[in-house]
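K.L.:
Each protein sequence line maps, in turn, to chains A and B. Going by my numbering, the first sequence opens with residue 1, and the numbers climb by one from there. Going by my numbering, the second sequence opens with residue 1, and the numbers climb by one from there.
Honestly, I wouldn't trust all of these hints.
Where chains are identical, the list cannot tell them apart; a pair therefore holds if satisfied intra-copy or between any two copies.
[Said to hold, decoys possible] List time: in silico EDC-like cross-link candidates among lysine to aspartate or glutamate, alpha-carbon distance up to 20 Å:
no.	residue 1	residue 2
1	K602	D294
2	K258	D221
3	K391	D319
4	K404	E44
5	K404	E205
6	K34	E106
7	K391	E312
8	K592	E370
9	K496	D518
10	K614	D574
Since the hints were derived computationally from the structure, they do not count as laboratory data.
Protein chains: 2
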Amino acid sequence: MGDLDLIKRFKIDDGFFGRYERLVRENVLPYQEKALNDMIEGAEKSHCIENFRMAAQMLKEGRCDGEFYGMVFQDSDIAKWLEGAAYSLLMYPDAELEKRCDEVIELIGSAQHEDGYLNTYFTVKEPDKRWTNLCEAHELYCAGHMIEAAVAYAECTGKKRLLEIMCRMADHIYERFITEGAEGFSGHPEIELALMRLYRCTGDERYKGLALHFIDVRGADREYYVKEREKCCWTVWGNNPWDTEYNQCHAPVREQTKAVGHAVRAVYLYTGMADAALESGDGSLAAACRRLWDNITGCRMYVTGAIGSAYEGEAFTEDYHLPNDSAYGETCAAIGLIFFAGKMLRLEHDAKYADVMERALYNCVLAGMELDGTKFFYVNPLEALPGISGKARSHPHTLPVRPKWFTCACCPPNVARLLPSVGEYAWTLEENTVYSNLFIGGKLDLGDKLGGSIIMQSGLPYDGRVRYTFESSLGAMNMRLAVRMPDWSENTVINKNGAPAVYEVSGGYAYIEGPFSDSDAVDVEFDMTVKRVYANVDVSDDSNKVALQRGPLVYCAEGADNDGEVLSLSIASDGAVRVGEYAPDELCGVRKLYAEGFKTVKNNGLYSYIRPKKISCEITLIPYYAWANRGLNQMRVWLPEI
Amino acid sequence: MGDLDLIKRFKIDDGFFGRYERLVRENVLPYQEKALNDMIEGAEKSHCIENFRMAAQMLKEGRCDGEFYGMVFQDSDIAKWLEGAAYSLLMYPDAELEKRCDEVIELIGSAQHEDGYLNTYFTVKEPDKRWTNLCEAHELYCAGHMIEAAVAYAECTGKKRLLEIMCRMADHIYERFITEGAEGFSGHPEIELALMRLYRCTGDERYKGLALHFIDVRGADREYYVKEREKCCWTVWGNNPWDTEYNQCHAPVREQTKAVGHAVRAVYLYTGMADAALESGDGSLAAACRRLWDNITGCRMYVTGAIGSAYEGEAFTEDYHLPNDSAYGETCAAIGLIFFAGKMLRLEHDAKYADVMERALYNCVLAGMELDGTKFFYVNPLEALPGISGKARSHPHTLPVRPKWFTCACCPPNVARLLPSVGEYAWTLEENTVYSNLFIGGKLDLGDKLGGSIIMQSGLPYDGRVRYTFESSLGAMNMRLAVRMPDWSENTVINKNGAPAVYEVSGGYAYIEGPFSDSDAVDVEFDMTVKRVYANVDVSDDSNKVALQRGPLVYCAEGADNDGEVLSLSIASDGAVRVGEYAPDELCGVRKLYAEGFKTVKNNGLYSYIRPKKISCEITLIPYYAWANRGLNQMRVWLPEI
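Isolated chain A (complex conformation):
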């Protein structure tokens, strides 16, 4: 089954995600289109589309007006936007949008060289330096994103123009790295996972082979980038080629045991590795993926699903090093973790992958975007301290409010492509078993073989009731329904047609045997009791602290609800936590939590020998994804518990 099959088969109809799908169509995509065309006042300039125009002019006239502007990987921004638009068009056909996409694709095509090469940075700015700096220059990365866009656009709209363009580019890459035997691999992984998608879309085995090639050569020669630097004699940022962990080339990928270096690079690589393991049956590759997964989720992931503890290198650091206020937690990295989880879920049916996927999606990724879809976080800390966050020399990255756009704008269009493609992660189909991973309402077409659809109604994330009903053209569908039992639901009740369902639990899924007919209904009631989450004692920043979670949502306390500040607040260990009514008009619809706790009365001076008084208070918490939507604000996910 193609990657996009599930996206195409799943029509979202969900109270919570439905809003996001509409938002993507109505606000996010139009806003980003303007941003990529430099039409947002007061925002950082993108120049992305303009770079393509200049590259096209360069190819046509041998010269161009103006200069390349932006990051060396600026091309990838429009690729991600196109991919998001493709998914959105599936759900919301929009002839105007599709026409504009087609025009952008024509522009992209006109920036492609005769030999298939496509990259505006090199075409406009460095025509003689193609392929000389794989360590930094992101050529294969940009190609990967445009390939993903091409596959998505072809699958979603049936239009193959971009796919043809990118097959020519992929052929050009194949020619260079396989036929001609050129050395090297991409400093920023992405091409690997993209080529796997291209392979599945086209059936061309060469693309799979090329993906495997790039996976295999990575880290085989640890000094490859050192030699490249010596040879190429130019650098984009002066990255240290000896810092092999940064690029995950410190060891052959099958020997890697810890998630290290730039977090986005890491999870993009692991996604490609897992996909390749899936398609090739390579057990050692799958084993490496499992080890790396366990290291991330067992030692290096924030409770919000954010990954990457350090600003330095936007990187993983060491086990249990998860500082809250200086967290990097790039939005793209959480998205990449979802990609990785998605592939692992296909490699093996274990709900632990979906648990993390859900955690990253509902918390870190959604927090990456303002509720109105027009501002974005690149970095997602778990504590915000106005006056320090985004201001202190050590904290330039942890902005406490979302900017309109970024010089390095990888995250916003990544959100725009993820949100309309959640169908791919919500379900897994395998033979006659339908795995329900994420509880997002909608209708899933099971295709001709099973002959029908599943309709899911879901109250999540605020109401734990989920109902599956069935539409069968054949009277009944001979299938098995596997419902994920989320780690946060202690007592899950599953009924079939009003009576306790018969099911077996394996790997975190409840397997309910069919057949299912139009008159059947499976009702699942998840346990939405508020959970207190505790970090391992080795996480220094969370000592004696607690985070509150309800369903998949991690909560945080913001100054706006708590008399302007949260650093003085502690949660009572024996106190009650009350769940507020659903408030449709607040923060686009939330249920707040109200926890019994204490407020420490501020002492005078920096230090005091007198224990400050604590007075009882009620602490209001909101879902983490909704933070920073009410101006500059203190915020804390982890609160002391006393």
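The hints should help you fit chain B onto chain A, whose structure is shown.
P.N.:
Frame of chain A; chain B shown alone:
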């Protein structure tokens, strides 16, 4: 009274500091001498002495063998060492050491140019670039340190050779910046405070004028360094000349309100400013010093007296930003804070300056050196996490064990010069009042006018009893004794000859009227009750945490005493803290603390929905200054309190 008068008059005889004085003579100075001569195996190379040899050869032969090695300010290492040796020679006459010092001074003299200029970096490596990069190149900084050494050596040994050398260099600087009117000031302040010392030592008003000039021009033109960079076209480290806060030239010094930028630069500058305010009676300069002092000690200082929260720029960050595990807290910065406090104490008799001076000395500065005097910390965090500290990308600076030496070795010789000069800080003499600031045992010669000495016996830091007795050649000394009432002693008892003394308290000093004769004794008993210290709630890292302090000593928990780790430990808010017996054989003599508390039992996994169990335990704490003397170890100053 000259700066060194008190050092010369005070003969230390103290159980605690006496060990440090001997250590400086027996271990620290000889070890550092070897390091500066590149004779310590396995240590970073210094090349400091060798640079002087090469400079001398260059002047003699117009060429030299080898190349300059080390930091641009490498010359200052030997200057600080010489200054330390000078103080040590006062207490421990040592003909061999003095001879070697004289030889080094001759070597320094032979590296001086005809025109008085002295700097091996420029003589050996960049002869054409003198005075072209004041922002980075540390010429005035090195001159300042060598001037301090010259003054100290002249005062302590009576030998004026180095003083003559440095007067020639000071004259050269005067010629350039005053007579010829060259623009500029030093990127790293130090020359200002040094010139004030040179002025007091020589009585030459020009040096005071030059110091005031450098203070006055700083920040007057905020873009001075930008213009300099444009003109000079070379850079040492590529420092950003627009980052005016880093160099404290963001505003004229009298208008500065917050302690910003590189912490050592800041406190060296403020020391010079306070000294200049003292000598010139400039009220606006004194007011700026008070504001900056209040900002540091009220918002930007660790409980150990460490300053500088960020690795980035070795700098102050923002108010209340005091992260423990990533603290910079450079040893030199705490030393500079002591210098600043010393000058403020002369500006006004307020014990708050001595409180901080004591805090920085007994905690941060002493922690900067291994107990055996042969290893050193540059950075002094309040939490050490082996596996993260000194290892994570974000924590290259917070080494959990002391190295033998540093490429940038400013701190070790700074400790070597501070410790034998504590007399300067222990006492203030003003007319007929003797201020007792630090309780370090010894004999203070009050000079001919008062005609006698004070002898102090002190049990600090472990025993709170201090006794003052008197030796008078005239029968009685017509003086007033002002005993500092430390902030940590709630109930201080002062007796004179066995009966409660009559005294008035003002500005944190108990003023006891004389006269005092040979038969008098003033006994002070400080309250050594263990104090629980609480940080302001705005300090995020210390939320619901407590530090323990007894007398001037801040304590910490180390893994070595607590089953290998400390992150699981919490102190019981209603629990007792037992004070251990003095253990002369442990950590060179300490009293440990034993606090009732809890140990959190480690959960499996990174996160858990189950509250981890806490079991009662006794937590052992040691003085912070003694940490990291027993190998790689977790360490925490601030522990959760429950």
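K.L.:
Work down the list of hints and note, for each, if the structure agrees.
P.N.:
Going down the list of hints, with the structure as the test:
no., hint, result
1, K602 <-> D294, "between (42 Å within a copy, 18 Å between copies)"
2, K258 <-> D221, "within (19 Å within a copy, 51 Å between copies)"
3, K391 <-> D319, "between (27 Å within a copy, 11 Å between copies)"
4, K404 <-> E44, "within (7 Å within a copy, 48 Å between copies)"
5, K404 <-> E205, "neither (42 Å within a copy, 58 Å between copies)"
6, K34 <-> E106, "within (18 Å within a copy, 71 Å between copies)"
7, K391 <-> E312, "both (16 Å within a copy, 13 Å between copies)"
8, K592 <-> E370, "within (18 Å within a copy, 52 Å between copies)"
9, K496 <-> D518, "within (13 Å within a copy, 99 Å between copies)"
10, K614 <-> D574, "both (16 Å within a copy, 14 Å between copies)"
Hint 5 alone, counting from the list given before, is not met by this structure.
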